[in-house]
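Whenever a hint applies, use it, and build me the whole structure from the sequences.
Chain residues, written in single-letter form:
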Amino acid sequence: MATITTPNGYTLDNGGKRVVVDPVTRIEGHLRLEVNVDEQNVIRNAVSTGTMWRGIELILKDRDPRDAWAFVQRICGVCTGTHALTSLRAVEDALGITIPENANIIRNIMQLTLYVHDHLVHFYHLHALDWVDVVSALSADPKATSELAQSISSWPMSSPGYFSDLKARLKKFVESGQLGPFKNGYWGHSAYKLPPEANLMAVAHYLEALDFQKDIVKIHAIFGGKNPHPNWLVGGVPCAINLDGVGAVGAINMERLNLVGSIINRTLDFVSKVYVPDLMAIASFYKDWGAIGGGLSSMSVMSYGDIPEFANDYSEKSLQLPRGAIINGDLSKIHEVDLRDPGQIQEFVSHSWYTYPDESKGLHPWDGITEANFVLGPNAKTQGRNIESLDEAAKYSFLKAPRWKGHAMEVGPLARYIIGYVQGKPEFKEPVDGLLKTLDVPLQALFSTLGRTAARGLECQWAADKLKYYYDKLIANLKAGDLNTANTAKWEPSSWPKDVKGVGFTEAPRGALGHWIHIKDTKIANYQAIVPTTWNGSPRDPAGNIGAFEASLMNTKVADPQIPLEILRTIHSFDPCLACSTHVMGPQGQEVEVKIR
Amino acid sequence: MSITPDDGLLDGFDTLVLGIGNLLWADEGFGVRCVEELDRTHQFPSHVRLMDGGTQGLYLVHYIQQARNLLVFDAIDWGVPPGTLKVVRGDEVPAFMGCRKMSLHQTGFQDVLAAADLMGHKPQRMTLIGVQAEELEDWGGSLRPLIRQKMAGALELGLAELADWGITGERRAVPLAGKDGLVGNDMDIASYEAGRPTLSQMGL
Numbered sequence: 001m002a003t004i005t006t007p008n009g010y011t012l013d014n015g016g017k018r019v020v021v022d023p024v025t026r027i028e029g030h031l032r033l034e035v036n037v038d039e040q041n042v043i044r045n046a047v048s049t050g051t052m053w054r055g056i057e058l059i060l061k062d063r064d065p066r067d068a069w070a071f072v073q074r075i076c077g078v079c080t081g082t083h084a085l086t087s088l089r090a091v092e093d094a095l096g097i098t099i100p101e102n103a104n105i106i107r108n109i110m111q112l113t114l115y116v117h118d119h120l121v122h123f124y125h126l127h128a129l130d131w132v133d134v135v136s137a138l139s140a141d142p143k144a145t146s147e148l149a150q151s152i153s154s155w156p157m158s159s160p161g162y163f164s165d166l167k168a169r170l171k172k173f174v175e176s177g178q179l180g181p182f183k184n185g186y187w188g189h190s191a192y193k194l195p196p197e198a199n200l201m202a203v204a205h206y207l208e209a210l211d212f213q214k215d216i217v218k219i220h221a222i223f224g225g226k227n228p229h230p231n232w233l234v235g236g237v238p239c240a241i242n243l244d245g246v247g248a249v250g251a252i253n254m255e256r257l258n259l260v261g262s263i264i265n266r267t268l269d270f271v272s273k274v275y276v277p278d279l280m281a282i283a284s285f286y287k288d289w290g291a292i293g294g295g296l297s298s299m300s301v302m303s304y305g306d307i308p309e310f311a312n313d314y315s316e317k318s319l320q321l322p323r324g325a326i327i328n329g330d331l332s333k334i335h336e337v338d339l340r341d342p343g344q345i346q347e348f349v350s351h352s353w354y355t356y357p358d359e360s361k362g363l364h365p366w367d368g369i370t371e372a373n374f375v376l377g378p379n380a381k382t383q384g385r386n387i388e389s390l391d392e393a394a395k396y397s398f399l400k401a402p403r404w405k406g407h408a409m410e411v412g413p414l415a416r417y418i419i420g421y422v423q424g425k426p427e428f429k430e431p432v433d434g435l436l437k438t439l440d441v442p443l444q445a446l447f448s449t450l451g452r453t454a455a456r457g458l459e460c461q462w463a464a465d466k467l468k469y470y471y472d473k474l475i476a477n478l479k480a481g482d483l484n485t486a487n488t489a490k491w492e493p494s495s496w497p498k499d500v501k502g503v504g505f506t507e508a509p510r511g512a513l514g515h516w517i518h519i520k521d522t523k524i525a526n527y528q529a530i531v532p533t534t535w536n537g538s539p540r541d542p543a544g545n546i547g548a549f550e551a552s553l554m555n556t557k558v559a560d561p562q563i564p565l566e567i568l569r570t571i572h573s574f575d576p577c578l579a580c581s582t583h584v585m586g587p588q589g590q591e592v593e594v595k596i597r
Numbered sequence: 001m002s003i004t005p006d007d008g009l010l011d012g013f014d015t016l017v018l019g020i021g022n023l024l025w026a027d028e029g030f031g032v033r034c035v036e037e038l039d040r041t042h043q044f045p046s047h048v049r050l051m052d053g054g055t056q057g058l059y060l061v062h063y064i065q066q067a068r069n070l071l072v073f074d075a076i077d078w079g080v081p082p083g084t085l086k087v088v089r090g091d092e093v094p095a096f097m098g099c100r101k102m103s104l105h106q107t108g109f110q111d112v113l114a115a116a117d118l119m120g121h122k123p124q125r126m127t128l129i130g131v132q133a134e135e136l137e138d139w140g141g142s143l144r145p146l147i148r149q150k151m152a153g154a155l156e157l158g159l160a161e162l163a164d165w166g167i168t169g170e171r172r173a174v175p176l177a178g179k180d181g182l183v184g185n186d187m188d189i190a191s192y193e194a195g196r197p198t199l200s201q202m203g204l
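Sequence order for the protein chains is A and B.
For the first sequence, full-length UniProt numbering begins at 1 and goes up steadily by one.
For the second sequence, full-length UniProt numbering begins at 1 and goes up steadily by one.
Possibly wrong hints are sitting among the right ones.
[Unchecked claim] Derived DSS-like pairs (lysine-lysine); straight-line CA-CA distance at most 30 Å:
id: 1; chain 1: A; residue 1: Lys-172; chain 2: A; residue 2: Lys-287
id: 2; chain 1: A; residue 1: Lys-218; chain 2: A; residue 2: Lys-468
id: 3; chain 1: B; residue 1: Lys-179; chain 2: A; residue 2: Lys-520
id: 4; chain 1: A; residue 1: Lys-523; chain 2: B; residue 2: Lys-179
id: 5; chain 1: B; residue 1: Lys-122; chain 2: A; residue 2: Lys-226
id: 6; chain 1: A; residue 1: Lys-479; chain 2: A; residue 2: Lys-501
id: 7; chain 1: B; residue 1: Lys-179; chain 2: A; residue 2: Lys-273
id: 8; chain 1: A; residue 1: Lys-172; chain 2: A; residue 2: Lys-381
id: 9; chain 1: B; residue 1: Lys-179; chain 2: A; residue 2: Lys-171
id: 10; chain 1: B; residue 1: Lys-122; chain 2: A; residue 2: Lys-214
id: 11; chain 1: B; residue 1: Lys-122; chain 2: A; residue 2: Lys-490
id: 12; chain 1: B; residue 1: Lys-179; chain 2: A; residue 2: Lys-226
[Stated by the list, open to error] For each label pair, taking beta carbons as the anchor points, the in silico distance ranges come out as:
id: 13; chain 1: B; residue 1: Arg-68; chain 2: A; residue 2: Asp-465; range: 36 to 46 Å
id: 14; chain 1: A; residue 1: Lys-429; chain 2: B; residue 2: Arg-89; range: 26 to 36 Å
id: 15; chain 1: B; residue 1: Gly-120; chain 2: A; residue 2: His-189; range: 28 to 38 Å
id: 16; chain 1: A; residue 1: Ile-563; chain 2: B; residue 2: Gly-79; range: 22 to 32 Å
id: 17; chain 1: B; residue 1: Thr-84; chain 2: A; residue 2: Ser-318; range: 27 to 37 Å
id: 18; chain 1: B; residue 1: Arg-68; chain 2: A; residue 2: Glu-101; range: 20 to 30 Å
id: 19; chain 1: B; residue 1: Arg-68; chain 2: A; residue 2: His-189; range: 33 to 43 Å
id: 20; chain 1: B; residue 1: Leu-85; chain 2: A; residue 2: Asp-465; range: 44 to 54 Å
id: 21; chain 1: B; residue 1: Trp-78; chain 2: A; residue 2: Asp-62; range: 28 to 38 Å
id: 22; chain 1: A; residue 1: Ile-563; chain 2: B; residue 2: Ser-46; range: 49 to 59 Å
Just so you know, these hints were derived from the structure itself, not from any lab.
Glycine included, C-beta positions come from ideal geometry on N, C-alpha and C.
Written as structure tokens, this is what we have:
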């Protein structure tokens with residue numbers, strides 16, 4: 001058993017007891033975590049493994065670039081829209097296609113809608129159960145719950161009768177033995193700190209959020225023609241607009257736009273009166289988590305930026321979400337990020353189940369190779385086909401290790417907020433300062449599991465505000481007579497250059513997302529994506545740097561390694577999504593089974 | 001199905017015919033392909049919605065809540081011979097969908113049904129038509145021939161179930177072209193299969 005220090009400053013000790021969590025529940029995709037805990041149950045080594053393999057290039061090769069968005073949005077059940085948008089941007093970049101102003105605004109509305117929806121669903125339906133004990137809610141006093149709810153918000157659904165009915169429904173549901181979405185919880189764990197009333201209130205809002213999210217996605221249905229799986233279009237948006245049109249067939253008319261406006265208003269209401277107050281109330285019971293789970297966030301964070309104010313301008317000046325990189329914990333300098341520079345973003349596979357001709361070096365995505373190579377290290381422990389523990393000194397994940405100028409980076413809402421905060425942008429700095437003041441915690445508490453979860457909530461509010469802004473901008477533009485939504489000048493492949501490369505990026509709700517495309521003879525010759533969870537969940541690189549998930553678990557004390565709620569709290573705070581980073585089969589059809597309990 | 005006036009919005013249907021699964025994963029696409037084919041060949045009254053649910057999981061809950069009648073097509077792993085068709089009704093549905101975890105969306109779909117129930121809007125009638133999958137792990141592949149053959153039988157069962165509910169589909173004189181169907185943009189089954197590169201083209 002050995003102790004090593006990584007270049008990014010972590011001391012790893014793989015002695016002690018090895019604890020395996022596989023799969024991590026309530027996420028999209030398959031993630032396995034292994035940690036070593038010492039006698040005090042403090043995590044001294046962490047290993048993050050994507051256990052499934054997928055190569056986007058395998059399905060996109062030789063396809064029509066104009067259809068790539070339809071394929072990439074099927075990769076995952078969660079980030080459909082953001083993959084589609086990233087793909088459009090990559091194709092447009094390669095072919096030199098510009099989009100009209102209205103298309104830019106509508107895409108921003110689509111993307112912001114996704115933010116609000118994804119953050120809301122993540123908080124209530126994936127993450128809240130790490131902090132809220134559903135079973136404890138059954139012993140809440142409805143009257144006291146009502147008082148609590150009314151003390152934190154003016155949200156109207158807060159009467160004693162409302163909570164009393166809810167409690168009865170929940171009781172019946174739990175007693176029927178079908179916990180449904182509430183199964184796999186560590187109910188009764190000593191780390192749950194909320195009083196029963198706060199738990200009941202949170203369960204009420206869990207259900208209200210579930211009910212409300214259906215309204216938010218109507219915006220996707222209106223602009224995308226349908227939902228699920230809305231339509232997208234290279235060169236613009238696939239919806240014609242006719243303000244004076246009647247009936248609902250065909251072009252989007254004023255009635256449809258009014259519906260969008262009213263959904264946005266209700267969204268603002270829900271986020272500001274339910275989500276944000278709940279976040280503050282719950283966080284106030286978990287302030288200790290402001291010192292846990294920070295990982296790389298205080299060292300190395302990155303954002304590509306998103307939500308261009310000006311159509312076709314993806315420069316920092318135009319992008320409303322912050323862009324840049326912070327490294328080595330030096331908050332005084334924001335570095336410029338260039339997705340085309342072969343020396344900046346590179347993927348390494350020395351610890352990944354892939355092979356490169358020279359694995360000491362990284363490859364830029366335009367030169368990317370995805371050739372699977374599933375081999376276990378000499379110190380992996382196996383039992384038949386089951387793997388008891390992996391050998392992190394060798395290859396141990398189907399995620400590659402992306403690095404920015406050699407640095408492991410954290411991406412996501414917290415990264416965006418840290419960069420915006422350091423840039424001194426009031427719309428990011430002021431809410432953070434407000435949050436810290438309300439919770440009475442120092443700035444340092446931002447770099448933590450609590451900070452990550454809080455940043456997502458603040459960003460949800462930001463996105464709801466921006467939705468309103470872009471909606472008003474759209475209406476003003478349309479009323480001024482500009483109804484153009486698509487540029488089809490280069491629609492025909494005969495107008496395309498013979499051999500071109502492009503890159504498209506977005507900030508997905510869970511972090512920086514890039515698609516790199518190579519179009520040759522009007523077909524896709526190569527397509528590579530680096531998704532946010534590849535950044536955050538990455539394994540070690542040739543220099544030995546650990547990734548963001550791994551770093552975030554270091555030095556966390558686990559109350560009971562058999563029920564490692566603490567691990568789930570921190571990993572869920574990243575909103576991991578592995579469906580698009582990973583798969584179960586090798587390319588030759590050999591089965592690659594990495595499954596244990 | 002063309003884009004109908006209320007498409008994506010909640011008004012106007014009480015019967016949902018839902019295909020679930022991932023098109024990119026061989027037989028996992030069975031449910032969606034069934035609904036695609038049903039839509040290509042039949043026209044239904046406006047209160048019937050045919051939907052490609054993909055792997056949307058919890059995001060489908062409001063459609064489930066809206067539905068008084070729910071007919072689901074899916075590929076299932078019951079550990080029986082590949083191609084076996086099964087019809088499961090009512091309260092049995094969630095249990096059957098979760099008897100063996102096959103993919104991401106399945107536990108998801110069980111949760112969706114439970115969530116709809118908890119919110120007090122479980123469909124009054126619910127039927128699952130499932131096929132035992134043969135191959136689930138061929139990334140970028142399509143339905144295996146055996147499973148594809150079973151689509152006709154599954155659709156017959158589905159039409160019979162709908163007829164029991166008093167709903168008749170009218171056979172289209174000319175089936176919709178794939179690109180005009182429920183799954184467009186080169187993802188309709190014919191284009192999807194035609195465009196798949198061979199392993200050697202992918203350099204494997």
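Going down the list of hints, with the structure as the test:
1. With a C-alpha separation of about 33 Å, the suggested pair Lys-172(A) and Lys-287(A) falls outside the 30 Å cut-off, and the hint is violated.
2. Pair hint Lys-218(A) plus Lys-468(A) holds up; C-alpha atoms about 15 Å apart against a cutoff of 30 Å.
3. For the hint linking Lys-179(B) to Lys-520(A), the alpha-carbon distance of about 24 Å falls within 30 Å, and the restraint holds.
4. A threshold of 30 Å between alpha carbons decides the hint, and for Lys-523(A) with Lys-179(B) the separation of about 19 Å falls inside it, so the pair holds.
5. Of the pairs offered as hints, the one joining Lys-122(B) and Lys-226(A) holds, with about 24 Å between alpha carbons and a cut-off of 30 Å not exceeded.
6. The suggested pairing of Lys-479(A) with Lys-501(A) is violated, with an alpha-carbon distance near 37 Å, which exceeds 30 Å.
7. The suggested pairing of Lys-179(B) with Lys-273(A) is violated, with an alpha-carbon distance near 44 Å, which exceeds 30 Å.
8. Restraint check for Lys-172(A) and Lys-381(A): the C-alpha separation of about 45 Å exceeds 30 Å, so the hint is violated.
9. Pair hint Lys-179(B) plus Lys-171(A) does not hold up; C-alpha atoms about 48 Å apart against a cutoff of 30 Å.
10. Restraint check for Lys-122(B) and Lys-214(A): satisfied, since their Cα atoms lie roughly 16 Å apart, inside the 30 Å limit.
11. With a C-alpha separation of about 48 Å, the suggested pairing of Lys-122(B) with Lys-490(A) is violated against the 30 Å cut-off.
12. Annotation: proposed proximity of Lys-179(B) to Lys-226(A) holds, straight-line Cα distance about 15 Å (limit 30 Å).
13. Distance hint check for Arg-68(B) and Asp-465(A): the Cβ-Cβ separation is about 38 Å, which falls inside the suggested range of 36 to 46 Å.
14. Against the hinted window of 26 to 36 Å, the Cβ-Cβ separation of Lys-429(A) and Arg-89(B) comes to about 57 Å, which falls outside the hint.
15. Taking the beta carbon of each, Gly-120(B) and His-189(A) are about 29 Å apart, inside 28 to 38 Å as hinted.
16. About 31 Å separates the C-beta atoms of Ile-563(A) and Gly-79(B), a value consistent with the hinted range of 22 to 32 Å.
17. In this structure the supplied range 27 to 37 Å is violated for Thr-84(B) paired with Ser-318(A), their Cβ-Cβ distance being about 56 Å.
18. Restraint check, Arg-68(B) to Glu-101(A): a C-beta distance of roughly 43 Å breaks the suggested window 20 to 30 Å.
19. Range check, Arg-68(B) to His-189(A): about 40 Å between beta-carbon atoms, so the 33 to 43 Å window is met.
20. Against the hinted window of 44 to 54 Å, the Cβ-Cβ separation of Leu-85(B) and Asp-465(A) comes to about 51 Å, which satisfies the hint.
21. In this structure the hint that Trp-78(B) and Asp-62(A) lie 28 to 38 Å apart at CB holds, the actual value being about 36 Å.
22. Judged by the Cβ atoms, the range 49 to 59 Å given for Ile-563(A) and Ser-46(B) holds: they are separated by roughly 51 Å.
Of the numbered hints stated above, those contradicted by the structure are hints 1, 6, 7, 8, 9, 11, 14, 17, 18, listed in ascending order.
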